[in-house]
Amino acid sequence: MRLTFLGTGSAMPTGTRMQSGYLLQSGDNRLLVDCGSGVLHALARTEAGYEGVDTVLLSHHHLDHVSDLDVLMKARWLAGETDLTVAGPPGTSQLVHDLLSVHDYMEDRLDLTLRDLDEGPFDLAGFDGAAFETRHSMQCFAYRLAVGDGPTITLGGDSEAFTDLVEFADGSAVLVHDCSFPDDVDVSNHPTPMALGQALTEADAEVGRVYLTHLYPHTEGRHEEMLDSLGEHYDGDVRFADDGVTITVGAR
Numbered sequence: 001m002r003l004t005f006l007g008t009g010s011a012m013p014t015g016t017r018m019q020s021g022y023l024l025q026s027g028d029n030r031l032l033v034d035c036g037s038g039v040l041h042a043l044a045r046t047e048a049g050y051e052g053v054d055t056v057l058l059s060h061h062h063l064d065h066v067s068d069l070d071v072l073m074k075a076r077w078l079a080g081e082t083d084l085t086v087a088g089p090p091g092t093s094q095l096v097h098d099l100l101s102v103h104d105y106m107e108d109r110l111d112l113t114l115r116d117l118d119e120g121p122f123d124l125a126g127f128d129g130a131a132f133e134t135r136h137s138m139q140c141f142a143y144r145l146a147v148g149d150g151p152t153i154t155l156g157g158d159s160e161a162f163t164d165l166v167e168f169a170d171g172s173a174v175l176v177h178d179c180s181f182p183d184d185v186d187v188s189n190h191p192t193p194m195a196l197g198q199a200l201t202e203a204d205a206e207v208g209r210v211y212l213t214h215l216y217p218h219t220e221g222r223h224e225e226m227l228d229s230l231g232e233h234y235d236g237d238v239r240f241a242d243d244g245v246t247i248t249v250g251a252r
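At position 224 of the sequence shown the residue is numbered 224 (the working numbering), and the sequence of numbers has no breaks.
Accuracy of the hints is not assured; some may be wrong.
What the hints assert, rightly or not - Restraint-style ranges between C-beta atoms, simulated for each label pair:
hint : residue 1 : residue 2 : range
1    : 217       : 103       : 26 to 32 Å
2    : 126       : 250       : 15 to 21 Å
3    : 221       : 104       : 28 to 34 Å
4    : 126       : 242       : 24 to 30 Å
5    : 120       : 148       : 27 to 33 Å
6    : 120       : 163       : 17 to 23 Å
Keep in mind the hints are simulated off the structure, nothing from the lab.
In this text, a Cβ means the ideal position worked out from N, Cα and C, and glycines have one as well.
Kindly produce the complete structure, drawing on both the sequences and the hints.
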């Protein structure tokens with residue numbers, strides 16, 4: 001399975017990181033997770049392109065995770081690709097209907113399939129998935145995703161760090177986790193490196209490589225400091241995610 005980081009930034013643009021978006025590919029299976037500002041341009045740079053991705057999975061409905069969704073819908077329509085599935089937490093169907101009501105000329109242009117998910121297992125675009133609610137300022141899901149007996153990738157969504165979320169990722173070859181701010185920022189709904197390191201250590205779970213994402217401008221120039229802080233509590237493989245990077249995930 002391949003994971004491409006389309007956007008590793010946050011609601012405050014840095015000029016170098018797009019907002020949240022990830023592309024998962026396994027054979028002919030393709031899934032776009034989140035669709036924040038700039039993700040459509042990043043997707044256009046991939047081999048799949050926006051024409052080749054007909055399923056979107058949303059972690060939650062904050063603007064920096066959905067703001068390119070209506071742009072994606074129009075781009076696919078203009079390209080003659082009118083099928084699109086959009087899934088996510090409860091309220092996702094209404095979100096899409098509301099977007100189309102604002103841009104009413106787009107209504108009935110696409111053959112849409114809309115799915116409101118609950119916590120627990122689901123199947124989507126050839127992927128076997130499971131959803132787990134995080135600790136955020138609105139309902140947000142983390143997702144475990146795999147194809148058959150292949151490796152598992154867990155995308156943690158936006159969340160404070162807590163052991164239950166890490167344990168949800170148990171056995172994952174990759175865990176992509178929010179680490180929005182350095183330790184000296186007083187923040188809720190997102191973790192700092194120290195809090196994340198503690199959760200990773202205290203959880204009864206084994207995960208492979210951890211990628212840090214959802215990076216606010218406050219983190220710029222402080223990555224080594226943040227890794228050192230996290231490493232005081234957790235000795236696993238932890239790296240910062242960067243836009244445009246594709247990793248291939250093999251079986252553990």
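Verification of the supplied hints:
1. 217 - 103: 26 to 32 Å: For residue 103 against residue 217, whose Cβ atoms are near 30 Å apart, the range 26 to 32 Å holds.
2. 126 - 250: 15 to 21 Å: holds (18 Å)
3. 221 - 104: 28 to 34 Å: At roughly 45 Å between Cβ atoms, residue 104 and residue 221 fall outside 28 to 34 Å, so the hint is violated.
4. 126 - 242: 24 to 30 Å: holds (27 Å)
5. 120 - 148: 27 to 33 Å: violated (19 Å)
6. 120 - 163: 17 to 23 Å: holds (20 Å)
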